[in-house]
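> Okay, here's what each chain looks like letter by letter:
Number of protein chains: 4
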Amino acid sequence: MNFSKEAVVASIKDGLLSFPVTDFDANGKFDADSYRRRLLWLKEYEVSALFVAGGTGEFFNMTIEEYREIVTVAVETIGGHVPIIASAGQSAELAKAHCKAAQEAGADGILLMPPYLTECPQSGIVEYAASVCESTDLSVIYYNRANGYLTVDGVQALADRCPNLVGLKDGKGDMQALNIIIKTLGDRLAYVGGVPTAEIIAEAYLAIGVSTYSSAVFNFVPEMAVKFYRELRQGNRDFVRQATREFFIPFVTLRDTQKGYAVSLIKAGADLVGYPGGNVRAPLTMPSEQERATLEQLIEKARTL
Amino acid sequence: MNFSKEAVVASIKDGLLSFPVTDFDANGKFDADSYRRRLLWLKEYEVSALFVAGGTGEFFNMTIEEYREIVTVAVETIGGHVPIIASAGQSAELAKAHCKAAQEAGADGILLMPPYLTECPQSGIVEYAASVCESTDLSVIYYNRANGYLTVDGVQALADRCPNLVGLKDGKGDMQALNIIIKTLGDRLAYVGGVPTAEIIAEAYLAIGVSTYSSAVFNFVPEMAVKFYRELRQGNRDFVRQATREFFIPFVTLRDTQKGYAVSLIKAGADLVGYPGGNVRAPLTMPSEQERATLEQLIEKARTL
Amino acid sequence: MNFSKEAVVASIKDGLLSFPVTDFDANGKFDADSYRRRLLWLKEYEVSALFVAGGTGEFFNMTIEEYREIVTVAVETIGGHVPIIASAGQSAELAKAHCKAAQEAGADGILLMPPYLTECPQSGIVEYAASVCESTDLSVIYYNRANGYLTVDGVQALADRCPNLVGLKDGKGDMQALNIIIKTLGDRLAYVGGVPTAEIIAEAYLAIGVSTYSSAVFNFVPEMAVKFYRELRQGNRDFVRQATREFFIPFVTLRDTQKGYAVSLIKAGADLVGYPGGNVRAPLTMPSEQERATLEQLIEKARTL
Amino acid sequence: MNFSKEAVVASIKDGLLSFPVTDFDANGKFDADSYRRRLLWLKEYEVSALFVAGGTGEFFNMTIEEYREIVTVAVETIGGHVPIIASAGQSAELAKAHCKAAQEAGADGILLMPPYLTECPQSGIVEYAASVCESTDLSVIYYNRANGYLTVDGVQALADRCPNLVGLKDGKGDMQALNIIIKTLGDRLAYVGGVPTAEIIAEAYLAIGVSTYSSAVFNFVPEMAVKFYRELRQGNRDFVRQATREFFIPFVTLRDTQKGYAVSLIKAGADLVGYPGGNVRAPLTMPSEQERATLEQLIEKARTL
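Protein chains in written order, with my numbering: chain H, 729 to 1033; chain U, 729 to 1033; chain L, 729 to 1033; chain Z, 729 to 1033.
Among the hints, erroneous ones may be present.
Note that the list lumps identical chains together, so a pair holds whenever it fits in one copy or between two copies.
Here are the simulated DSS-like cross-link-like pairs (lysine-lysine), alpha carbons at most 25 angstroms apart as the crow flies [said to hold, decoys possible]:
1) K987 with K824
2) K987 with K741
3) K955 with K1029
Calculated directly from the structure, the hints in this document are not laboratory data.
Construct the entire structure; sequences and hints are all you get.
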């Protein structure tokens, strides 16, 4: 751990968040060298925290042994530069193991994902998340999505019980439910926008109190991603509109042609800009040549913004 | 028609929108006297347009004969004060009849609802809406919801084809889809927030370019509703937060206990503040005594805001 | 009314149900002559009841004046041959008007559709349906679908209250909910399968007590539709499997390429077999030439079954 | 492995399937002794296969180390009696590890669950499942549900590619999609009904070719569960109707009051009949005292059937 709880909180309250893809080699194994090169490249751009083995990093597609190695490499490579947040999830027991591994590897915080597969009641989700929070000294951000989606009472109960719960990442984009949470819990938590390609609703997020978000496209158009965040925060609506029209809308349109492309296109984009990270793992699939060509045009466009 | 197209557009680009309930007597028939009294009362408050026989006015629960009478009474009572927008919908043929009746009664614009029951392709929805627009001289706002929901290409096609389409009312609250529409069509249309109890996401709406919304609670707490809109537009986040916490969140919580309460509670509220409008018609149901008591407390709270 | 309540009930408990398309002329107006010709043609095939102005007949796309004429023509043409059931719906008031018109025109029963647009609580749906049942002497079948979907308690309440409620048509295909209704209400009601292209789940329907269903494809491949029903009832699983594989699966696949095609393809099919009924009305759209060609091949296939 | 592929296939084509809960002690750890006692008790009843660490066995709530121990205990205890099928899933890599552990422990087959969390395209799901099938000598049943739901083309592709794919377990209850799969693939696969409390739609399943299903209630009312299956297969509709009315409908009603109760109530039921297995793990929650009392009455009722 290189950063205090306060520093972790500050980092997710203000500033763009980086979610790098995870590098695989030609055999589909984690490629530490390629991953180091990626992190050092992205380090040159202004972000406030690094989320390793997150959704864009295919957390759901890796074993705990791979996870441990990924977090270790990340901390070795850029630990101390900005807070490093590692994921946890799948089941309470496995999530505790993730936390332990992350803490041992020197990570600064945890992004807790929902449980695997099962339907679950609000009180059970709270228990799941609380048991994980209580197992670790690290600060925890809860990723509110899918079968683990908490409404306001659940978020309040979790926050009341766990002092090290510091943030809530929204993965659903339900403005009513999210606004009710924010207006009720206020400054108790930091709020992170986390729908796929979060820039597409960044203005709405910001208006209700979500001051930052995860940028997946930062993986392949980092300059534009950083600029978009800065102009958004400065209230430059013209730039936001232009970038949305010229880059984010066509990107989201391409993304929505195939399930899982919110991740797959990012890996293709990284490859196109000279930082290949191998192929995504099944059940994800790589884009076609034609889709890559479309993406390449979008990258060209992003460079003009 | 008392207002030009330009005046109608201006009225839905800036200023709160009133959607009065429709008054029924003890036998469930339209009560013109009671309705006149309501309109004259609400006229005292600052709104920019009046939507008669809208969703809150139970448009879906009336025959065209009743509709004609309601619009006629509204125009007679406060025509010329602010633009009067009347609904249309159900089928292309009936919607054209609604438009004709509204125009004959002196209304200033049309709010076009989705088709009844059937699933429909985007091109079919465009054809449905365009055929209605082309049948009338009135300015039309399309209510984008349910089976008639248009995505960006559909909205664009409709706007390109129909010069008298002047606005889009959102009834879904999908921020990504709505933002894509707004960033693409820009000033071609005016955008109106129209999810139930729209104040609950008014900040998010405003941030992406939806400068006004329909206020159902204006029916029973008009002063607070007007104040909320004004403070929102002036960027008073403290007031917005306080009113959201103390009034809108508990109201929405009560509303979500029963389907249809987005309308039913409004009628109960109007009754509680001395402007009874009778009962809602089936398939809607009136709140219980206990729910009325909860609502009464909320009204008390609204008066302190 | 040519048939007693008992005869109506018997007709929907056993035997295929015909839902003819509604004929429109080149100007999109109801074409009575073409419609008569259609009914006389279909009369040659063995069905147990005729549903006029039903879903396939674009009930949702017509005014009450058109509706009255359609029902009148149907009764004049084949009244007394089999029970004629006419639709009602949209709002309680309009549905009562539909019932009155149907009864005056000589129809034998009513198929009650859900309310227009609004969300509604179970008790409100019951009130909606009961008020319509109570307004008419005709036997009523409730079409359980969309926003008007009743679960078991609602169906029970409606059946207890309305002696002239004789049937429930399922439009959702939720086997658990439907089975609970059937196992609970048993012989109190007749059950009709009513998902689009109901043959695709006819075996499952039959197994839980749904002994008949609406056949839309009867409009253009009546021989095969009648044979399918007969073989299904006789337990000929080989034929059911073959017809499902060779006709219904490719048909459903084509149908699912575009919203609304459950109706549109039927009208195209009627045209292809020499009984044109004009185009569907917006918001529905007619199939493309290529889709027509595919449909033509399926018709050829049906003739070999 | 005690059974050949043919024997595994035969066991899932005919006969009830047992999915025992997994026993946890007071500290929430796997309790091997209690689990052995359970398996020996359930062995006395006539089932055709035993699924260990399945959905009812909280597969989603355990680490791979626990999983290995559970499968090992099951094989040691009743291996060779009926085929033992163990689960696999979460990610391709982890699922391969599950398969390896199951094969080493002596299991006879694999039930492959969907991937964790991510959205995925059909071709990616096929790749996920195929890579797991190809990693093992065991016969595999694919559990078709949630984000891993395959439509007919995906199931066909998977079956064509993997000779050891022997079955498809349905976890969605979509009769149209399932019937299309069965009518298309026919005898290539065995089909298993797997919605929660599958008895509630067992008649419909059977009618389209799903000849068996997983019985969760077998865990606490084994005699009735076995009788229900036998009477169903013998076409005794009166018994099926009575048991559905008197036991399964009230059970499903109780189950639907809380998410996750499809599993939680089973564990409570096992406890009530003298075979306690400890509490479910978070994110599941145990029923309240009142719910237990209701469940106890249902058990009494089951004993009279």
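> Next, verify each hint and record whether it holds.
Hints, one by one, checked against the model:
Taking the shortest Cα distances, K987 and K824 sit within 25 angstroms of each other only across copies (24 angstroms), while inside one copy they are farther apart (30 angstroms). Proximity of K987 to K741 under the C-alpha cut-off of 25 angstroms is found in neither arrangement, the shortest distances being 30 angstroms within a copy and 33 angstroms between copies. In this homomeric assembly, K955 and K1029 come within 25 angstroms of each other (Cα to Cα) only inside a single copy, at 14 angstroms, whereas the closest approach across copies is 44 angstroms.
Figure legend: structure checked against the earlier numbered hints; the only hint not met is number 2.
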